[in-house]
Each structure stands twice: as C-alpha cells, then as structure tokens.
Amino acid sequence: MKVSTILEVNGLKKYFPIDKGMFRASSHVVRAVDGVDLRLQEGRTVGLVGESGCGKSTVGKCVLRLIKPTAGEILFRGDNILHKSGSEMRKIRREMQIIFQDPFASLNPRMTVGQAVEESLKINTPMKRPERIQRVVQLLEDVGLSGEDFNKYPHEFSGGQRQRVGIARALAVHPSLIIADEPVSALDVSIRAQVLNLLQELKERYRLTYLFISHDLSVVEYLCDRVVVMYLGKVMEEADRADLYKTPLHPYTRALLSAVPIPDPSVKRKRIPLTGEIPTASNPPPGCLFHTRCPERFEPCDKVLPPLFAQEGNRVVRCLLYQ
Amino acid sequence: MRSSESYLQIVGRRFRRNRLAVSGSVIILLLFALALLAPVLSRYDPAVIDVNNILSAPSWEHWMGTDESGRDVMSRMIYGARISMLVGFVAVGIATFIGILFGAVAGYYGGRIDAVIMRFVDIMLCFPTFFLILAVIAILEPGLMNIMIVIGVTGWMGVARLVRAEFLSLKEQEYVQAARAFGSSDLRIIFRHLLPNAMAPVLVSATFGIAGAILTESALSFFGLGVQPPTPSWGNILGSGYKYIDFAHWLSVFPGLAILITALGYNLLGEGLRDALDPRLEGSQ
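Protein chains in written order, with numbering that gives the first Met the number 0: chain A, 0 to 322; chain B, 0 to 284.
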C-alpha cells in the first residue's frame with residue numbers, strides 16, 4: 000500500500016520575545032522551537048515526546064496556526080499553509096483538529112456539550128438544525144457518551160467524559176489530521192486506557208492521522224508508529240516505534256526510557272539518572288544542548304552542536320557518538 | 000459534586016442566603032412597581048396646581064403634603080420614580096455598551112489597538128466627571144435625553160477596563176483556541192465564547208453604576224440642569240423645595256429619603272451579586 004504524506008514540517012522555528020518593559024526593545028528571545036522537521040504519513044501516528052518546556056505543544060499549535068511561527072514551512076498535503084488567507088485557512092482547518100490537554104479548560108462553561116460540538120458544524124457545514132442535532136448525537140455516541148448528554152453542561156461531567164466531548168468536537172468536521180496535545184495527561188490513570196483505546200478505535204474507523212504530543216513514553220509506545228524526541232526546541236532522535244524502544248540511540252532517549260516504570264517487580268533494570276536541571280530555552284547551553292546533563296559526554300560536546308545523523312533503519316539521531 | 004445544579008442555580012442560592020442582598024432587590028422591585036403603576040397609584044395629577052392648598056403639611060388628603068404650587072408631593076414622587084429608573088437604566092446601558100465595545104476590542108486584539116484604547120480611557124478618567132457633565136449640559140440643552148446620554152458617555156471607562164481584563168485572561172483559555180481551530184470568526188469568539196464568561200463583573204459594576212447615575216441625575220436636577228420642570232424628578236422636587244425647609248420640611252425630606260433608599264437598594268443588590276457571582280466562594284456555605 001502506498002502511503003502519502005499528509006503533513007510536512009520543515010525548519011519550523013518559534014521564538015518568543017522576552018519583553019523587558021515598555022520602552023526597551025526586546026533583545027532576548029526564547030527559542031521554544033528551533034528548527035524542527037516532521038513528516039506525517041496518512042493513517043499513521045507520530046508521537047512527539049520530551050520533557051515539559053521542550054516546545055512540543057508549540058509545534059502542535061504552530062501546525063494549526065494557533066500560534067504564528069517565526070520561520071519554516073508547514074505543508075499540508077503538499078501545500079504551504081503559512082501564507083493562506085483567513086478564508087482559505089478556515090477550509091484547511093476543517094481537515095486538522097486539535098484535542099487539548101486540560102478537559103476542564105477546553106470546554107466553554109456556559110455552553111452545553113451539545114452546543115459545543117454543534118458549533119463547528121454550524122460554522123463549517125450547510126446542515127440545518129435537525130440534521131446537526133442528529134449528527135451531534137451520533138458523535139456523542141461514537142465517543143462513548145449518550146445522546147441524552149446533549150443538554151448537559153461541562154461541569155456535570157468527569158474529566159474523562161469531558162475529554163470525550165473534546166474528541167467529539169474535534170471529529171465533528173471530519174478531519175483527517177488530529178493533533179492530540181497531551182490528551183490523557185490530565186486524566187486519572189484508570190481513565191487513561193479507556194480514552195487511549197477510544198482514540199485508537201476512532202483512528203481506524205475514520206482513517207485519522209494523529210500527531211500525538213506527550214511526555215509519557217509508555218502512552219506513546221502504545222499508540223504511535225513513529226516517535227520524535229525533542230529537547231529544548233530541537234529534535235534529538237526520530238525512529239520507528241519498535242526500533243526506538245528496543246535500541247534507543249541518543250543518551251537522552253535512553254535516560255527517558257530508563258525512567259519509564261515497568262509493571263513487573265522481577266525485572267531488574269539499570270536506571271540512568273539525569274543530573275542537573277533542564278536548561279532554560281532562553282539561555283541554551285553552547286554545543287550540544289544536552290551536554291550539561293549527558294552521562295556520556297566527551298571532548299567536543301560542549302562546543303559542537305551536532306546535526307541529525309542518519310542511521311540504519313530510517314532513523315536519525317543528534318549525537319556525536321553516531322558521527 | 001452537585002451535578003444537576005446549573006451555575007445560575009448556585010448563584011441564585013447563594014444570593015438568596017444573603018439577607019441584605021435580598022432586601023436590596025425588594026427595594027428595587029418595589030420602586031419598579033411604583034414607576035410602572037404610577038398612574039394607578041397616584042391619587043392626584045402631579046401637574047395640577049391647587050392655589051388653595053399651597054405648602055400644606057402631610058395629611059390624609061396629601062400624604063406627603065403639597066408644594067409651593069399646591070401640587071401633591073406624593074404623586075410627584077411616584078412619577079419621579081419613573082425618571083430615576085429610566086435615567087439609571089438608560090445611562091448605565093449606554094455606558095455598559097460603550098465599555099464592552101472598547102474593552103472587548105482592546106482585550107481581544109491587544110497590542111497597539113489595546114495601547115491606544117487604554118490610553119484614551121486614562122485620558123477620560125482624568126476629567127472630573129461631574130464637572131465635565133456640567134460643562135456639556137451647559138452647552139447642550141438640559142433635559143432628560145441629554146443627561147442620560149452625557150452620564151452614559153462619561154461613565155464607560157470602568158466597564159472597559161473590566162471587560163479588557165477579563166478578555167485578556169479568557170482568550171488564552173483552551174476552549175477559545177478550540178473555537179479558533181475549527182474556524183470561528185473573531186466576532187463569534189468574542190460574542191459566543193468570551194463575552195458570556197466576562198459578564199459577571201460587568202453586571203456587578205452596572206448595578207453600582209445605576210446607583211451612581213441616579214445620584215448624578217438628582218444632583219443635576221437639583222441644580223436645575225437636569226430634568227426640567229414641570230416634569231417631576233426627585234432632584235428637582237428637592238431643588239425647588241429646599242428653599243422652604245424651615246417651614247415645609249416635607250419638600251426636602253421625602254425626595255432626599257427616596258434618593259437615599261434607591262441608591263442604597265442598588266448598592267446592596269450590587270454587593271450581593273458580587274458575592275454570589277464570585278467563583279472563589281464556590282461551594283462555600
């Protein structure tokens with residue numbers, strides 16, 4: 000089966016200026032995202048992982064143009080969307096939707112969940128009211144809620160149920176790409192699996208492509224076909240899921256994986272503790288961004304920023320060990 | 000979690016538990032009834048002059064006495080309630096409308112637009128409002144319409160600041176980003192998502208604003224720059240009656256009391272609303 004590329008991100012940069020008061024021009028910037036490339040194949044799930052503050056959510060919001068990128072290209076089905084006008088962008092947004100992290104902040108408290116899901120149909124389709132209601136009920140049922148929930152307000156639901164409403168809202172316009180920004184991080188562990196299974200099921204039913212943003216490596220392993228590891232706004236390693244989890248190459252990836260708990264007390268594993276704090280993106284270290292915490296750093300690491308080295312098996316890694 | 004209770008029901012319950020707030024709303028409801036039923040409740044035509052009954056003291060015939068032209072003070076007071084209610088609502092309506100407009104634009108678009116609007120607000124706030132109103136009224140004709148407009152046009156800055164502040168924090172909420180992600184227009188985001196969530200403090204400030212507008216109208220009418228006789232307003236009854244305070248105190252006492260009670264009623268209502276709508280008190284008994 001031939002797969003087509005649905006989303007391609009090239010050299011994406013987002014610098015946030017640090018304001019130093021009203022009268023001084025901001026001289027300093029935070030490099031939240033600093034040259035990220037991504038490629039999403041239709042029907043697959045790419046995981047974007049990293050510690051908090053590494054710029055992974057910013058990438059997701061730039062793709063939807065919720066944030067305006069500083070530089071780079073975002074090609075949706077081969078078409079650069081960064082210079083689209085408002086009305087053209089509105090058409091493209093029907094194809095791309097987002098699921099947010101916090102189910103308590105992502106629903107308007109003054110709208111019933113039915114209204115919340117219906118709103119995007121109202122904007123994006125010529126459907127009449129009875130038709131829309133029918134579709135909303137269908138969507139609510141698709142995500143495991145009931146049509147009777149139409150007239151309830153968000154505060155009447157639990158976190159997991161609200162997240163399902165958020166998913167129904169994203170699905171309403173028949174998108175082909177969904178950016179899931181930490182969709183289960185705010186949920187109880189007991190609810191997480193249900194929502195993950197729902198996402199998996201919906202992906203198959205509607206032939207969705209996911210960009211799955213998460214800091215939780217076990218969740219990513221469960222859901223993703225390919226994994227991109229970010230650190231301080233840059234991609235550190237990218238590989239197919241099986242390869243990455245079996246043989247992580249970058250010392251950072253290895254450290255992250257060693258921190259994932261294994262639900263089997265008999266398995267002994269050596270943890271690779273990371274020392275030191277994550278440096279701030281407003282003042283990144285010279286050389287390799289990770290060298291300040293890397294257990295395997297050697298001579299030129301603090302001077303040379305390594306490029307992404309291509310490795311066997313369609314993977315890349317940003318580390319001088321693999322030169 | 001009280002699951003089946005809507006936000007408004009929670010607010011309603013908290014409001015009803017506040018005795019002062021309830022008495023405030025009772026006062027205001029009574030005043031409304033008075034204003035609406037004025038022709039039924041007043042026993043005399045407020046404009047009819049009775050030269051045989053000048054400055055007579057309160058009695059069974061005239062509960063609040065008569066004025067210097069022999070008109071029944073009680074009937075004039077009842078019709079005056081109409082003026083006060085009208086001025087309060089229309090002036091505050093104008094102020095709230097302008098304030099929401101400027102505040103929403105400043106808060107939503109931010110940047111240079113915000114800076115320009117908020118500096119304009121600062122400039123407006125530098126004028127001593129009452130003297131500004133006096134100056135404008137002196138240029139325009141004094142009259143009911145003009146004072147409502149002038150009070151409204153000089154009273155919107157607080158609302159603008161409130162709405163702007165609410166919008167600044169609300170527009171970062173994820174549901175606003177979600178609305179943007181499925182292609183909502185700016186207008187839709189402002190009116191469907193931001194404004195309904197920003198209305199609580201606006202409502203509270205509007206309630207206090209009504210008390211202020213009624214006081215301003217009374218003061219202007221007292222000085223003869225507001226509602227023009229023969230139309231009765233509490234301010235102009237007081238303004239023409241205070242000259243006789245030595246021997247006809249009822250011409251000053253009753254309108255004074257009415258103004259006091261009305262302002263008190265709105266302030267109690269406003270404070271009750273503020274407490275009931277305060278999300279930090281969520282769940283408190």
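No lab work stands behind these hints, which were simulated from the structure alone.
Careful, some of the hints might be misleading.
[Said to hold, decoys possible] So the derived list for chain B, only partly shown, Cβ under 10 Å to chain A, looks like this:
1) 6
2) 10
3) 14
4) 173
5) 174
6) 179
7) 191
8) 192
9) 195
10) 196
11) 218
12) 251
13) 255
14) 273
[Said to hold, decoys possible] Residues from chain A that keep clear of chain B, each with C-beta distances beyond 12 Å, as calculated:
15) 64
16) 85
17) 86
18) 89
19) 101
20) 115
21) 141
22) 154
23) 276
24) 283
25) 311
For every residue, glycine included, the Cβ atom is placed at its ideal position computed from N, Cα and C.
Checklist entry - Can you list which hints this structure breaks, lowest number first? => result Failing hints, ascending: 2, 3, 11, 12, 13, 14, 15, 16, 17, 18, 19, 20, 22.
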